[in-house]
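Enquirer: Keeping their order, the protein sequence lines are chains A and B.
Numbered per this note's numbering, the first sequence spans residues 371 to 588.
Numbered per this note's numbering, the second sequence spans residues 84 to 457.
For the record, the hints were derived by calculation from the structure and aren't laboratory data.
It is possible that some hints are incorrect.
To be verified - Taking lysine to any residue pairs in the SDA-like style, the calculated list, with each CA pair at most 20 Å apart, reads:
| hint | chain 1 | residue 1 | chain 2 | residue 2 |
| --- | --- | --- | --- | --- |
| 1 | B | K299 | A | L529 |
| 2 | B | K426 | A | R534 |
| 3 | A | K425 | B | F379 |
| 4 | A | K436 | A | Y523 |
| 5 | A | K546 | B | V394 |
To be verified - Pairwise CB distance ranges (calculated):
| hint | chain 1 | residue 1 | chain 2 | residue 2 | range |
| --- | --- | --- | --- | --- | --- |
| 6 | A | G537 | B | V415 | 39 to 45 Å |
| 7 | A | G578 | B | V415 | 24 to 30 Å |
| 8 | A | S435 | B | L225 | 46 to 52 Å |
| 9 | A | V576 | B | T455 | 26 to 32 Å |
| 10 | B | D324 | A | Y579 | 53 to 59 Å |
The structure displayed is predicted, hence computed values, not measured ones.
Backbone N, C-alpha and C fix where the C-beta goes; we use that ideal spot for every residue, glycine too.
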Amino acid sequence: MKHHVKLRKSVRKQLQKGNVEGTLIQSQPIWVRIFHWGFAFSLTLVILSGLQLHKPASFLALNFSKVLTIHLISCWFALGFLGIRIADALIRKDDSLIPKLQDLKHFPQLMAYYFFLRSSPPPGRKYNSGQLIIYTSWFVLFLVATLLGLASYWEGEHLIWVWRLVGGFQVIRWVKFIVSIYFLATIPVHIYLSITEDISRLQAMVTGYERKPTPNNR
Amino acid sequence: MLSRRDFLKLAVKGAVLGNFYQLITPPLAEAVAAGEVKKLPVVMIETGTCTGDSISLDNIWTPTFSDILTNIVDWRYDWTMNQVQGDAAYRILQDTYEKLPSEYILIVQGSMIQRDDGHYNHVAYEDGRLITGIDLVRRIGLKAKYVVAIGSCATYGGPVAGYPNPTQATGVQNILPERRVINVSGCPAHPDWIMGTLLHLALYGEPELEKFGRPKLFYGETIHNRCPRRADYDQGIFATDIGQKECLFRVGCKGPVTYADCPIRRWNDRFNWPIGCNTPCIGCTEPGYPDLMSPFTVHLPDIPFPGGTKVNTDSIGLGVLGLTSVAITGHVVTSLAKGRLQKNLLRSSVKVQHRPAIKKVNTYHQYRLKKTKN
Chain A
371 MKHHVKLRKS VRKQLQKGNV EGTLIQSQPI WVRIFHWGFA FSLTLVILSG
421 LQLHKPASFL ALNFSKVLTI HLISCWFALG FLGIRIADAL IRKDDSLIPK
471 LQDLKHFPQL MAYYFFLRSS PPPGRKYNSG QLIIYTSWFV LFLVATLLGL
521 ASYWEGEHLI WVWRLVGGFQ VIRWVKFIVS IYFLATIPVH IYLSITEDIS
571 RLQAMVTGYE RKPTPNNR
Chain B
84 MLSRRDFLKL AVKGAVLGNF YQLITPPLAE AVAAGEVKKL PVVMIETGTC
134 TGDSISLDNI WTPTFSDILT NIVDWRYDWT MNQVQGDAAY RILQDTYEKL
184 PSEYILIVQG SMIQRDDGHY NHVAYEDGRL ITGIDLVRRI GLKAKYVVAI
234 GSCATYGGPV AGYPNPTQAT GVQNILPERR VINVSGCPAH PDWIMGTLLH
284 LALYGEPELE KFGRPKLFYG ETIHNRCPRR ADYDQGIFAT DIGQKECLFR
334 VGCKGPVTYA DCPIRRWNDR FNWPIGCNTP CIGCTEPGYP DLMSPFTVHL
384 PDIPFPGGTK VNTDSIGLGV LGLTSVAITG HVVTSLAKGR LQKNLLRSSV
434 KVQHRPAIKK VNTYHQYRLK KTKN
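Taking the hints into account, I'd like the entire structure generated from these sequences.
Expert: Below you can see the structure in the form of structure tokens.
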């Protein structure tokens, strides 16, 4: 039988009192979180459906016209979520994802940390140099893949310069495959590091808030 | 538009004589008969080629090749068809070049051999010196009314330009940048594509071209879009081996990336075509053929590495993913062994000044904070 325990007001107050170290700061605004999870979901669908379209798995008897539809819809959604993130960055004047030279100077030290040659990561801005390099490469490659995707979507009716620049459908297909492999190789690294390095950052991507040490503890 | 009577007449005549060219090209046949249109002067130069496109064109039906020579074009110079040889033949080409500038059509068959100024491909002997293919094509092409490249080699380099391309072969457009070259690709080009392009040039001028300079009326749609086995693809019914009657996508069919009207035109007098024979399309009309299309039984091409080794793209993809998995697993193990994983999790999880705990203080459900050592 379930008991409802009544706590005295004074006890409840003491429990609710901020006895947790550090302060809560907003790390990821709502539009960043919407972008992150929306993009993650749609990109996963894009990659999985793309791989299925590329090489049909023998153990899956899927309706290919539906797989293609899912692929195309997911592509548009991913592009839309990216658009949201860009608009949000422009409105908030957020340059946290733009790599700067100072960030990149810390990259060797960061690598030394990941390869256990240093005990702590080098100081950085909101995102470290490795994250900035990976996120920038994702941004660029996603735009490249989008351009190639649109070129193949319109089958040579539009974006003819892209076809001429690239050299044909087969090259478009090849580049898109390589881009998917790059995403597939780097996304697990991103997930792994976000879980094992600083779990409060992952929490921030859900709640928006991250717990930072109080200033006098720095 | 043909009337019913005309159609029946032509059908009967065609059935008896096997001659349908009037059905296909009535305006041209009438115009030629009335003397309104002059026969098209055509010269063909063969460079780095196997002459496969000539053989393909010879098999045209209908109009038959004899119909074409008799009624439609003035076929002036062609190594395979010439009745004369040597200087006499070459003089015809020179005469056409000098006396009919901007009137003749130049057809080029074969790739442009560029290495060592093209001296691996001599196509004529003039005033005691050998003339290279690129020189002759440039000279004749600059004065031609239209330049038509036929076959994969002349259009985009084709098999002659395949890796490692020792002769630095390329397509006609690259050595004639001043002119718009009409590309009729294919290995070989379908006779209808060649003759259809010539007829269009004669009747209506230059056809609408698509992104790679090919006439849209033949290369406007992918094979995949018109394939009779498209329904199999849409439902995910795939052949697992060559020779089976389902969609051949899984065994490397290049139909989705190849622009041509083979599914509706078919080959050998519309008798059959590769997919009809249960073999995948090899993408012979596309730029980059055959390197980008081979191996023919897989989707993506092999990637050449220094030293001549070629590795399949799928294998490279799997290798990269395998390497990532090994790297992450190795990092997890090392992090656990060195205690970094535990340290990071403790550091980044919630810290409290003292751990709150409560205990039951009496049976009336009253509680107070339990004092703990901090």
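Enquirer: Against this structure, judge whether each hint is valid.
Expert: Going down the list of hints, with the structure as the test:
| no. | hint | result |
| --- | --- | --- |
| 1 | B:K299 to A:L529 | holds, 16 Å |
| 2 | B:K426 to A:R534 | violated, 53 Å |
| 3 | A:K425 to B:F379 | holds, 14 Å |
| 4 | A:K436 to A:Y523 | holds, 15 Å |
| 5 | A:K546 to B:V394 | holds, 18 Å |
| 6 | A:G537 to B:V415: 39 to 45 Å | holds, 41 Å |
| 7 | A:G578 to B:V415: 24 to 30 Å | holds, 29 Å |
| 8 | A:S435 to B:L225: 46 to 52 Å | holds, 49 Å |
| 9 | A:V576 to B:T455: 26 to 32 Å | holds, 30 Å |
| 10 | B:D324 to A:Y579: 53 to 59 Å | holds, 57 Å |
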